[in-house]
Every structure is written in C-alpha cells, then in structure tokens.
Amino acid sequence: MLRHLFTLIWNRKRANLLLISEIFFSFVVLFGVGTVLITAARNYLAPRGFEPTQVWRLLVRAGQGQKMPRAELDDVLRQVKALPGVQTVALTSNNLPFTFNTNNSDFIYKDRKSPFANTYDADDHYAEALRLRLREGRWFAPADDGTHHRPVVISQDLRDILFGDEPALGKIFTYNIPGKATKPEDEFQVVGVVDNVRMTTDFDEAIPSVWKRLIPYDTTHWETAAVLVRVAPDQGGVLQEKIARTVAGVTRQWSTEVRVMEDDRLHRRLYTLVPVVGLCIMGLFLIINVALGLFGVLWYNISQRRAEIGLRRAMGATGAGIGWQFLGEMMVVTTFGVILGSLLAAQFPLLNAFDLPAQPYLLAIGAAAGAVYLITALCAWQPSRLAASIQPAVALREE
Amino acid sequence: MTGAYCRYSLSYFNLFTRFSHLFLMENLLATSPETRPQPLNSPAATPVLRLTNIEKVYQTKTIETVALNQVNLTINRGEFVSIMGPSGCGKSTLLSLMGLLDEPTSGTIEVDGRPVTAYSDRELAGLRNLKIGFVFQSYHLINDLSVVDNVEVPLLYRKGMSGKERRQRALTALDKVGLSARTGHFPGQLSGGQRQRVAIARALAGGPEIILADEPTGNLDSVMGEEIMDLLLALNRQEGVTVVMVTHDEQQALKTERVIRFFDGSQVS
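Residue numbers (the numbering used here), protein chains in the order written: chain A, 4 to 402; chain B, 156 to 424.
Because the hints were derived from the structure by calculation, they are not lab data. Mixed in with the good hints, there may be bad ones.
[To be verified] The following residues of chain B were derived to be distant from chain A, with all beta-carbon distances above 12 Å: (1) Val221; (2) Pro270; (3) Val271; (4) Ala336; (5) Arg337; (6) Met379; (7) Asp385; (8) Gln393; (9) Arg413; (10) Ser421; (11) Ser424.
[What the hints assert, rightly or not] The following label-pair restraints were derived from C-beta to C-beta distances: (12) B/Thr215 x A/Val280: 51 to 61 Å; (13) A/Arg400 x B/Gln344: 25 to 35 Å; (14) B/Thr272 x A/Arg400: 15 to 25 Å; (15) A/Arg388 x B/Gln344: 33 to 43 Å; (16) B/Gln393 x A/Arg388: 36 to 46 Å; (17) A/Leu289 x B/Gly362: 45 to 55 Å.
In this text the structure is predicted, and so the values were computed from the model without any measurement. For every residue, glycine included, the Cβ atom is placed at its ideal position computed from N, Cα and C.
Build the full structure now, drawing on both the sequences and the hints.
So this is what it looks like as structure tokens:
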C-alpha cells in the first residue's frame, strides 16, 4: 500500500507541488525557529561558570574631571569589606557580567590565533567574589606583584584554542597585532585556567575570556571604579544604604550606585527573550496559516475524489482504510517536503554556519520534521474522517 | 463412508449441471432471442445471491422515497442476468445492495446462503473484495494511475498478497481483455471502450464470483458497446463468472440468460 501511495503522489506531483512547497517552507521556518530555541535552551542549561547570586555591583564615580586617588579607593574597599554582611570585595573593569560593556581582543601564541576573547581586569579577590571555578593553576596573588610579564587567568575554551594538548601554565601569549613589536606589558603569562564562563546573558554561549591582573598603582585618572561585592544571603536595601554611606564617609565628592547582579541578569535576559518570542509568534502565525491552507486543500481534495473513494470502498476498502489512506497520502506528501527541507537544513551544519556546533542543527531538523508531521497529521485527521464516512453507493452515483 | 460418498455424488452432480449450463450458454449465444431457451431454474442451481423482502427507503426531513419495495430475487451461480427498467426505478439501488455497498431498510441479503445484513464494515469490505467485481458506466478509473496500477487496486486490499503476485494477476487480467499492450498507459490516453475493458480487467483481477455491471455500455457507441457485451458474455461462458448487468439496451438484455424488469421500485417480471 505504501508503494501505491508513493506512486499516486508521484503521479500527482504537479497537483501536489504547491502542497509540498508549503510543507517545505513550514519546515524551513520551524527549523530556523527550532535552531534558535534549541541553541538558547542548550546555552541556558549549560554551566554558567560563576555564581552571580548574592553579588552586587558597586559603581563608585569620582565625577567628570575629578580625581580618584588610590589611597581613598583602597579605603573605600577596606571599609565596605568590613561591613557586616559583606563577604568579599573585588575591584574590576567596567565590563561587569550582564552589562552592555564589553572589552575584547584577539591573541596569538606561536602560530595559534584566538578568536575575539573578552578581556577583564581583575584583582586578587575577583575569583572569590564571582566564585569562578579553577581548573588549573591558581588565581592572582600578591606574589604576582613583581613578575616580569602580566599574569593572566584564561578560560578553558581559550586554553584549548591557544595551547591544545600542551600545558598552559607559565606559557606567554600576546595580542595579535601583526607587524607590531610587542611591548613587555602586552605579554601575558598564564597562571591559571578557569571553567568557561557565560557572562553576557543566560542564553548566550560561553565566550573565550582572559582576566588580566589589575594593578591599580595609580588610579588618579579613573572616573569610575567598578567593584564586585559578594554579600551574605538575605541582604538587601539596608546594606546597600550602608555601603553608600560608607563611600560618602570616605569622600563626599564621590557618588555611588549599588545594583544587584541578579537584577542585571534578569534585565539583560529580556533583550534575548523579546526577539525570540517575537520570532516564535511570527512562526506560529505562519504555521497556523499553513495549517489552515493544508486543511482547506485536503478538504477540497476529498470532495474532488468522492468517486475514487466510492470505487475503493467497492473494491474492498473499509471506511477506516480510506481514512488511513488519506492520512497516509498526506504523510507521503509531507515526506517529500521534509526531504527537500532537510536537504537545505543539512547545509547549515555542513557549512558550519553561524559558528554553531552540528548538534543544535540536527536536533532542530528532527524537531522540525516531527512538528511538520504532527501539524499535517492534525490537519489531515478531520478530512480523512470525512473521507472515511462517505457512503460508497452515494459517491459512486454522483459522477 | 456414506457421508463421503454423498459429498462426492453431489460434487459430480454440480459439475454435471455446470457443464450442462455452459453447453446451454453456448447454444444461447448461437440462437436468436426468440428461440433462446429459458433460464436455468433447476433445483440444482446454486444461489450465489439471494434478496428476500428487500425494501430500501431514502428519508429526508420532508420526503420519504421508496426506492425498492418488497424485492425478492435469487441470482444463481454462473448466471448472466440483466436488470431493466426506466430511470429512477431502483436498478442502481438494487445493484448497490447486491454489491454490499448499501444496507436495505428491511429484508435480508444472502451471499452463498449466509445472511450478511449483520456483517461489520470490515467483513462486508472483505466480501466485496473477494467475491464481487464492479463495472460502472463511467468506468471509475483513477486517472493518475496507469492501466496496470488501476487493475491492481482491488488486490491492494487483499491481505498477504505480494506486490509481484498483484502485478502478475493484473497483467493476466489485462491480457484477458486484450489490453496487454496498454499496461503503462493512463486512462486519459485510452478510448471509451478501452477504458471499460480496463474496468472489466480490474473487476476480474481479484477473481470474483460475481460481476455487477451498472450500464457498462451506457457511455459507449454501438460498436464498442457490442465489444464490451461480447467480453462480458465470454467471461460468463468461459470463466463461469456470474454477471448481473443493469442496462437500458433491450438488444443487449436479450442476449443474457434472464431479464428482470423493474418499475417504480418493484420487480415486475
């Protein structure tokens, strides 16, 4: 019977061409939306590499044209750390997790070049504040003060790119600036390797990262200092007020802003979710349109093929058999559309499009195929039932 | 031992009557309608279809139409029966009931002595597939299937039959109707007579005991009509297939073994 259905559909290929192309486009849309959703879900479920809960970001601003002397900044850090409820305080660069500030560079080790990697300035307490997970070596320590090269900690993905199977600790790499002599301060020595981190949004993948040891010998040119504050559980507005008062106690010229990193995370998440939800809604409308179209075409097909239905019943088909035949025909038509769509979709992993691994693409192909079969089966169900209920004697007499 | 003897005796008797019947059919075709012998109604004739007190009433919200009224009819194995009557007298309804495509409002239909009124949809479909072949006035070929694929259609619903066997049986049936050279053609490429032959081959492919033909020559010119009629007669004579044919053509009806006339839903002769 399956061969018969294939023969029938193949012989009706011109009539079915529009139906097949409709299914093809539905598949492509579902594949696209599926890839976005699966990639986002995979990233969401992947380890973040650090713990943003109970971390606040404290921005201390000296004001435009004002100075931020090192001694006063150190005083602020010391006094904030001493507050009850504060566990750790770490000085860092402005590109804090879940903010829109980014700082990136590409690096080279021998002939191995990295893609653009996020670079952060971090003091000796940064790892403790964000609870980064060390895989090799150590985090920065006062012992690094006298080193010739600037100590850095890198993420595991960057380590794999630059050093492969070689040991990474102690290795020196530089910025990738072809034709320019490297200055000693631009030579970075690896002292540690941490887990991959996802600091942009919940739905983005890990980005290779480099933490350069922050050496604030002179902060007078700074206008803003970014500070990570890890607090004890259940701390809230009272502590935030205390922190603001503490900074004001050191110097009244400086202003402060304390934000909860968890709030930043949720806020940043919206920037990914809104377009994804929009895409899903558009896809849904498209699929509903396609489904209604399929439903109408099938309904019309059945009304056009009443004599054939009567004939098949006369030849020995049961009512249920007729219903299954129409459902089967629709599945065969769907198969043609899905095969064409899969051929197109398979190009994405083969061409390594958008630098995504093959797995989300393959999962999206499977999911899109499943969804298309489900939609067409649902659309074909009622018309097939109608076909099954046609009285053969009546259908045969009509022509 | 006695039982076995009786069974053998009965079989030989049936065989004898069958040969006698075929011999008579040969004569029947050779003689003119006026000198044609009367149909076989010997006690030994085996009923293949029996309709008892059949009534068929179509009901709508406003009108009740009696299509068949108290029809009692027996079709014997190997007979060629024609059904005649004016349009709307219930001929096609009768054929639908005989073909188990419709259920009577009241009365009993028996196939091979077994009442089928209480059969399920699946059992009726099985009976239609195994025992009955249909030939329609408008051929009812599937235009998107080749000739051989059209002939295979009834065999698709036969369980356990391989694709190879289906194809072989379809080709044999097409050979019988003289269309071996047209197996790959599509219905649109054939003449009306050829299409009707394909329909007959399709009815034959399943090896049915009964062929129900609803005005098989109605859409054909007289030459092609004759051709199809001859084919049905030959099938009846050579293959022993029981044929029940609805026709408006008096000349063709007279070539058959028995003519049943209907008027206004009732059998009048």
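Now the hints, each set against the structure:
At the 12 Å boundary, the C-beta of B/Val221 stays outside the reach of chain A, the nearest C-beta of that chain being 16 Å off. Even its closest Cβ contact with chain A, about 19 Å, leaves B/Pro270 beyond 12 Å, as expected for a residue assigned away from the interface. With a least beta-carbon separation of about 14 Å from chain A, B/Val271 lies farther than 12 Å from that chain, consistent with its non-interface assignment. The claim that B/Ala336 is not at the interface with chain A holds, since no C-beta of that chain comes within 12 Å of its own (minimum 20 Å).
For B/Arg337, the requirement that its beta carbon stay farther than 12 Å from each beta carbon of chain A is met, with the minimum near 16 Å. Chain A leaves B/Met379 outside its interface by the beta-carbon criterion, the shortest separation being 19 Å against a cut-off of 12 Å. For B/Asp385, the shortest C-beta to C-beta distance to chain A comes to about 24 Å, beyond the 12 Å cut-off, and the non-interface label holds. With a cut of 12 Å on Cβ distances, B/Gln393 stays outside the contact zone with chain A, its closest approach being about 23 Å.
With 12 Å as the threshold on Cβ separation, the claim that B/Arg413 sits away from chain A holds: the shortest Cβ distance comes to roughly 24 Å. The non-interface label for B/Ser421 is consistent with chain A: the shortest C-beta to C-beta separation is roughly 20 Å, beyond 12 Å. Every C-beta of chain A lies more than 12 Å from that of B/Ser424, the closest at about 25 Å, which supports listing it as non-interface. B/Thr215 and A/Val280 have their C-beta atoms about 53 Å apart, which keeps the hinted 51 to 61 Å range intact.
Between A/Arg400 and B/Gln344 the beta carbon distance is about 27 Å. The supplied range of 25 to 35 Å therefore holds. The hint said 15 to 25 Å for the Cβ distance between B/Thr272 and A/Arg400, and at roughly 21 Å that hint holds. Between A/Arg388 and B/Gln344 the beta carbon distance is about 35 Å. The supplied range of 33 to 43 Å therefore holds. About 44 Å separates the C-beta atoms of B/Gln393 and A/Arg388, a value consistent with the hinted range of 36 to 46 Å.
For A/Leu289 paired with B/Gly362, a C-beta distance near 51 Å keeps the hint of 45 to 55 Å intact.
Of the numbered hints listed earlier, not one is contradicted by the structure.
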